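Required output: the full structure, derived from the provided sequences and hints.
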Amino acid sequence: MDPENLLHKVSKHSPSILGSKNFVKFAILLPLIEKNNETHVLFEVRSHKMRRQPGEICFPGGRIDQQDPDAKAAALRETREELGIPERDLLHVHPLDYMVSPFGMIVYPYAGYINQPYSAVDPNPDEVGDVFTVPLSYLMETEPEIHHVGFEAKPKENFPFELIEGGKDYNWQTRQFEEYFYKYEDKVIWGLTARILSHFIDMVSSEN
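Taken in order, the sequence shown gives residues 1 to 208; the numbers are from full-length UniProt numbering.
Worth flagging that the hints you see were computed from the coordinates, not collected in a lab.
Computed from a predicted structure; not experimentally measured.
The calculated lysine-lysine pairs, modelled on DSSO-like cross-linking and capped at a C-alpha distance of 30 angstroms, are:
id, residue 1, residue 2
1, K35, K187
2, K25, K156
3, K9, K21
Given below as structure tokens:
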């Protein structure tokens with residue numbers, strides 16, 4: 001095989017995340033809304049009818065479907081389905097940094113503005129148990145609590161230790177993940193939602 005021809009094939013490749021075809025992809029919208037003459041961030045409380053994470057606080061969003069042209073379209077569609085806000089009233093929608101989760105997900109977050117009064121928000125009760133807002137000024141002035149979660153590799157019983165250097169004494173890497181917590185009144189915002197929120201606040205607080 002000619003190395004030049006082989007590498008020519010590589011030159012045509014557009015790089016992405018290795019193994020991303022096996023990841024589930026989600027799109028999320030961090031929605032800003034005007035309330036009491038002040039900019040707020042809107043949050044959902046997941047319905048207890050939901051199988052995954054019922055009762056948890058989140059942003060509107062969900063899995064990217066095959067019919068979605070791209071991640072942004074999926075975020076807008078999910079926001080319309082969950083909050084009853086038509087896409088024409090979701091303005092200035094821009095991407096934030098995407099995230100690769102250790103649980104096999106790629107999350108594409110966006111931030112945008114709901115060009116409707118808060119009273120126009122009409123949650124879908126099958127997906128959304130409640131909605132609430134937090135003043136953006138409060139979030140920008142409040143440092144989140146940061147705690148840590150450890151992850152470690154645990155090979156299955158049939159793992160072929162005999163094929164690797166060190167065998168059963170192999171020094172597997174461990175990793176610490178930061179978990180952010182924002183508290184507002186009786187609400188606790190944490191997990192992926194808090195991480196996206198912290199990233200957004202860092203961006204809008206930057207002097208640049």
